[in-house]
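Based on these hints, arrange chains B, C and D on the given structure of chain A.
Protein chains: 4
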Amino acid sequence: MRLKLGMVGGGQGAFIGGVHRIAARLDGRWELVAGAFSSDPKRAAASAADLGIAPDRAYADFTEMALSESRRPDKIDAVAIVTPNHLHAKVASAFLKAGIAVICDKPMTATLGEAEELATLVSETGVPFILTQTYTGYPMVREARAMVARGDIGQVRHVQVEYLQDWLSGPVEQTGQKQAAWRTDPKFSGEGGCIADIGTHAVNLATFVTGLRLQAVLADLTAFEPGRRLDDNAAVLLRFTTEAKGMIWASQIVPGTKNALRLRIAGDRGGLAWDQENPDMLEFTPVGEQIRLIRRGEAGTSAFARTPAGHPEGYLEAFATLYADAAARIGQKAAASAVEANDLLPGAEDGLVGMRFVAACIRSSHSGGTWTPV
Amino acid sequence: MRLKLGMVGGGQGAFIGGVHRIAARLDGRWELVAGAFSSDPKRAAASAADLGIAPDRAYADFTEMALSESRRPDKIDAVAIVTPNHLHAKVASAFLKAGIAVICDKPMTATLGEAEELATLVSETGVPFILTQTYTGYPMVREARAMVARGDIGQVRHVQVEYLQDWLSGPVEQTGQKQAAWRTDPKFSGEGGCIADIGTHAVNLATFVTGLRLQAVLADLTAFEPGRRLDDNAAVLLRFTTEAKGMIWASQIVPGTKNALRLRIAGDRGGLAWDQENPDMLEFTPVGEQIRLIRRGEAGTSAFARTPAGHPEGYLEAFATLYADAAARIGQKAAASAVEANDLLPGAEDGLVGMRFVAACIRSSHSGGTWTPV
Amino acid sequence: MRLKLGMVGGGQGAFIGGVHRIAARLDGRWELVAGAFSSDPKRAAASAADLGIAPDRAYADFTEMALSESRRPDKIDAVAIVTPNHLHAKVASAFLKAGIAVICDKPMTATLGEAEELATLVSETGVPFILTQTYTGYPMVREARAMVARGDIGQVRHVQVEYLQDWLSGPVEQTGQKQAAWRTDPKFSGEGGCIADIGTHAVNLATFVTGLRLQAVLADLTAFEPGRRLDDNAAVLLRFTTEAKGMIWASQIVPGTKNALRLRIAGDRGGLAWDQENPDMLEFTPVGEQIRLIRRGEAGTSAFARTPAGHPEGYLEAFATLYADAAARIGQKAAASAVEANDLLPGAEDGLVGMRFVAACIRSSHSGGTWTPV
Amino acid sequence: MRLKLGMVGGGQGAFIGGVHRIAARLDGRWELVAGAFSSDPKRAAASAADLGIAPDRAYADFTEMALSESRRPDKIDAVAIVTPNHLHAKVASAFLKAGIAVICDKPMTATLGEAEELATLVSETGVPFILTQTYTGYPMVREARAMVARGDIGQVRHVQVEYLQDWLSGPVEQTGQKQAAWRTDPKFSGEGGCIADIGTHAVNLATFVTGLRLQAVLADLTAFEPGRRLDDNAAVLLRFTTEAKGMIWASQIVPGTKNALRLRIAGDRGGLAWDQENPDMLEFTPVGEQIRLIRRGEAGTSAFARTPAGHPEGYLEAFATLYADAAARIGQKAAASAVEANDLLPGAEDGLVGMRFVAACIRSSHSGGTWTPV
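Chains as they are written, first to last, in the working numbering: chain A, 1 to 374; chain B, 1 to 374; chain C, 1 to 374; chain D, 1 to 374.
Pulled out of the complex, with its shape left as it was, chain A reads as follows (with noise of 0.2 Å):
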């Protein structure tokens, strides 16, 4: 009934760790049942016996497992990558290798080489990888894509996306926090720091809604933070391959911001607008006619949700959403959302896009602000 996952990363102390397993919780299609939390190893045993894992599938090194529960005749059917991003390639490989699925944590991997090795991968082996974007679960995000599909708001035209936290308003990366030390540092975070981090959320959302493609970007990227090696703040344009154009701007050092990710698009028969931060709603505009505000779960939308309009549903419903949704293709079951799965659920090309919208933006902004294919 349920089906099996194993996780790698995510041990004691972890976050990103503990929401995916609060997600792959949620709906009730997931047990847990073999990890390994860490490469430490009294560590990873005592993370597991925490989580409740059998000893004989408490691991200490992910090429072990790998082998291990592929030999097992009841074998975890996914394995959830949580990792820090410069691991993430080489995880990935040794369970595809071992034709055991992947829901991978976003970025995809740390290097734009590496991600299109696994892109390779992933497509040579057939077996499904899903890439965690996790705001691509959000109900009224799909609503958007659906009424953006079935031509609501007609041609797109422009697209702005604007993704602000304040949490690197300081020196934080000085103080001893470890997300800012390893977030803004290039040997763990690659060449992108605040493009790689949320730029890559702005542009999955831009694309995700409109269902268009990227064709050139022209970006500013700065470390305001006097000291930081990696960008803060970006300013990017943006070009699709219709007429369509766009702007992102994505910024960790807004006073005042928190995960302040919102989404406008205005077409030539109407506009769509939403906003992370009040995710049930959609405010949606025919050219002509008055703002209506469209809740989820009122009658007339259509997207998956777990409870009526007005019972607030947020960021670990949307995650959760996407363990759904890979329970059902994954295990092939029905599901309340089966249906669309295979459309909705971003897998290793959204991974490489957005690594190529990040190395794009580096160079076009490195070159001193000129177009720059993605």
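No lab work stands behind these hints: they were computed from the structure.
A pair holds if it fits inside one copy or across any two, identical chains being indistinguishable in the list.
With a straight-line cut-off of 30 Å between C-alpha atoms, the simulated DSSO-like cross-links for lysine-lysine are:
hint	residue 1	residue 2
1	42	4
2	75	4
3	90	187
4	97	187
5	90	75
6	178	90
7	75	97
8	90	4
Positioned in the frame of chain A, the structure of chains B, C and D alone reads:
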């Protein structure tokens, strides 16, 4: 590690049972292992199978379930009661007498008499009884309570609560909609309509956050929809045992509102406002100063939460917090919010207050609008 | 072309007189040519000089002004009364008897007895009397009235009005603040505090928009601030002559609120909401449909306005609309909103309703909370 | 007491002339006494009569008006220029040369060449020239400017401005709509469409509030509507002469937006946000603290205003403040905001910056998107 949960009610087709199961699963502290999901044996068995319950713990009868479970060495740690309201008292009694902790959906019972008996039983047996007054599980509701308790707004003067919905704006009960049918039928819902269904949440929120005790009410209950037998709109004046006063407007016929529960408190040193449909935010204004927007997870806030500021948490997370706290209390185990669990979890006394509130409002309204002690 | 305006009260240091002068000037339909700006001759003369009034029309006494002006060939077309409340009745009588139209600041008079006499005088003389119930001048308030009248929300069921301020949150009247001193002193303000000062606006807004007539009230008035002699918080239940009901919460001790007058109406076919602090917008929801945000000046709206949608108009413009309509009525001249002027301008009857509302609330509250006819 | 105002343009049927007249009247510091309201003598005379202008000061020609007025002992103190844009330069020159102060609607001129000549003339003659950049008259815009100047948000890092409208979403100019016709026609509007019409307001707001000077722009201008000859959407990257950067999104094809001018500033010690459609409010967040909502008229604010907090002031009041300040400067008389008038009133230099901004954006966009000095 995980506690064992049983469930009465909540079989195929039910709504609130599914919410309880998500809430129980979300933090991984409960495992559903037994249930009497329906009074219809076939549906009970089918639901149990769907939910992966072992056949010997799939019961067709809650009395039998209470007895059987109480004798097992691996008996359930608690039972969740999600039956129609008129069964709450009987089911709860059976399990309390069997020494099994109860997690009961609201309202506590169908009548005040039942509620009083049940409260006595809880007190006599000493078995944990938890009432899922969901809104007390919201982090910023708990933050508001803590702020009031430590004097941030001084002495409370006026408490304003509104709880507005629109789903009963027309004759929905005559269209075959089941929820509407039983909620507007005195046989299943008792004498209170809107006042019992959502007015109880309103008064619970007011007393939970302020710590005040209700002294008297003056109510004007109306059934606006032609032919409706129970009130669908309630206007209530409140007096507390201090000098504080208040008002409740609860209504299910306000077009454009979904689940609009909103609390505002005026104190002599400051004001507070909270809105269930935007639950991660508090508005706080010290007298003579500017409004401050306090967001869950921000520096200076202390309420338990699973994700950082800007990652919306909602109704299911609030519900899950009640289950997490229940696990902490029942399991006597360490938990994130364990320390506060005894103070914060709503119990039989809270249920009784709600039932007395409803009874007093009905008496007050029937008498043409007089102050009626609670 | 322009009508000639006189003014009684509103000399140097006064507040509301300045507002009337701006309102009169804004649309260019009035010219201030005479005044008795103060009962102190020196201040009266100085104020007149400041305002460019010819010396022979700068009066020290309103009785003399009424007489003198009524005999001039170029006499004033109307007088604006902006004195303290207890003088309204006397001043208005003097000018009405002299055949000069009156534009009177609210409240109409200090006592209900005076209001009744004045209403009779207005009716007997047939001289125009306009009460500046400012909020009826807002375009979207008038739009809402028109929508209700044409049945957009069907039969009105519940009317909710709140009018919240925070400026009396502390013992301001003991600090030498003049406004606070006279408004909390029964000698100058009569028996009603908050209920008279802002409660009258609340009830006026409710009846203006819905077209309903008040039948009875049940009120709980409180003076929360220690030592205050008049109510600073009012909770009122309303019954109208139809089946409709309502509530008013008027308060001057809610920290964080400034001039928060808000109206919500639930009808059997739709709902409406309006907020004075965001006055260019109406929220309109037909039953079963999505919320629509209607903005002043948008296609489909008809209310008079000076600027296109998106160019905020506010309090002074609403006030000026009353003066423009007054010019249209008094001058019998064509004006943008002249056609509707007779229906929309508040007069003696409206003032009387307000005074009766206050008196009934005070009686109801003194009697411990009983339904009291208005 | 009152200053004497003349007007060129703004006859019957015109829009912006009426706005200037309201603004001039609102605070009672100006009296309209002369005008050349139309180049058509009949319309000029009719408009003058409507407006109560004495026949000998109703001119059919602005050159004649400048001459005649300059010779009168009671000559006008200033002329308001509200003609179509391509006449601004000629009219302004005529009056400046006649020694009469000019209050000119924006944009300053139709071409950059004209603007430069005009700025030189202003500088040479020393006659006051005021450009009605309306948005600088909003109290909270001035408050924001003062806050930045005194270091409340530290060093400015990123400035984000958006100015969105929807009125050009379709082929409006082909439907006989006059405003749309001339604004999309290079003959009347010069080379810039949206970038000139509203982009100039955006950049003016950014520089006014921050005190920064623009160094270079990179623009992507688009005419999305088929057949339109001037841009209706502008994406612009900004660099200032400090380290600060910014973005402007100006568009007239975003369905659901009316006049959505919004400014956000990220500094190294705090952030600020302002929205023209909710103009009485500032959002201010010191780094590491909670958002504070600052309302016009609240304790701690200093910007000039006519009414207390909570009584909305809007576009016309902002416009009137420019006229009040102009009266203070031109009349050398005491006025509420007179002290700051010299700093705050936009003049020829500001107009020139706007024209240079437009020219640079057009060059940048034509060259395919390159950084272009301003």
